[in-house]
Amino acid sequence: DQQVKQNSPSLSVQEGRISILNCDYTNSMFDYFLWYKKYPAEGPTFLISISSIKDKNEDGRFTVFLNKSAKHLSLHIVPSQPGDSAVYFCAATTLNMNRDDKIIFGKGTRLHILP
Amino acid sequence: SAVISQKPSRDICQRGTSLTIQCQVDSQVTMMFWYRQQPGQSLTLIATANQGSEATYESGFVIDKFPISRPNLTFSTLTVSNMSPEDSSIYLCSVARGPNYGYTFGSGTRLTVV
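Going down the list, the sequences are from chains A and B. Heads up: the first sequence is residues 1 to 115, going by this note's numbering. Heads up: the second sequence is residues 1 to 114, going by this note's numbering.
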């Protein structure tokens, strides 16, 4: 049973436009939601997170929106740049983050920024 | 945040052999985590390695297949034993940074078994 779902395996966006990556989850006990970015031949790197008590968190060009009632979150990248081309993983965890409350990852969405 | 050095970065191995992956962290950490990412799949936790105790394995992963060592607070190894082509994957080690930031990951080991 996938607790964190990214239903779009890939997404292509024109440079300068907005990229919107979506993520759904099933476990209402999650306290934090995170986005990771992964380039080929590199490990995932932390991008941005949001606490379950918030509905929006912004960091530069990156904004994450959380809709708890819909169990849905999205990552907005504005404006999209060529260096944003990567695989983006949505993840979720509880506050304790011990072994029993590990981070759960989605399958990832590959974002292509078109010139 | 911690810096993790992971090696090898990639390897091509014959089936039936074993490969040991090393992770070195630039600071002392209590727990280190080993993940696997199979093609088209999410990151899957293999085991959690605590210094001074046996690793704790997730469902579907066993010590005989993935023995882990954790000799001190900055180092861990994962061995993929008796490899088969199904073990072809990216293996990642990580350390926790708290719920706000999740994990810091090593650069990964891309393993191909032929």
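Fair warning: there could be bad hints in the mix.
Quick list of in silico lysine-lysine cross-link-like pairs, DSBU-like style, CA-CA up to 35 Å [claimed, not checked]: (1) B/Lys-7 to A/Lys-54; (2) A/Lys-5 to B/Lys-7; (3) A/Lys-107 to B/Lys-65; (4) A/Lys-5 to A/Lys-102; (5) B/Lys-65 to A/Lys-68; (6) A/Lys-56 to B/Lys-65; (7) A/Lys-56 to A/Lys-107.
Don't read these hints as lab results, they were simulated from the structure.
Can you give the numbers of the hints that this structure goes against, from lowest to highest?
-> 1, 5 and 6
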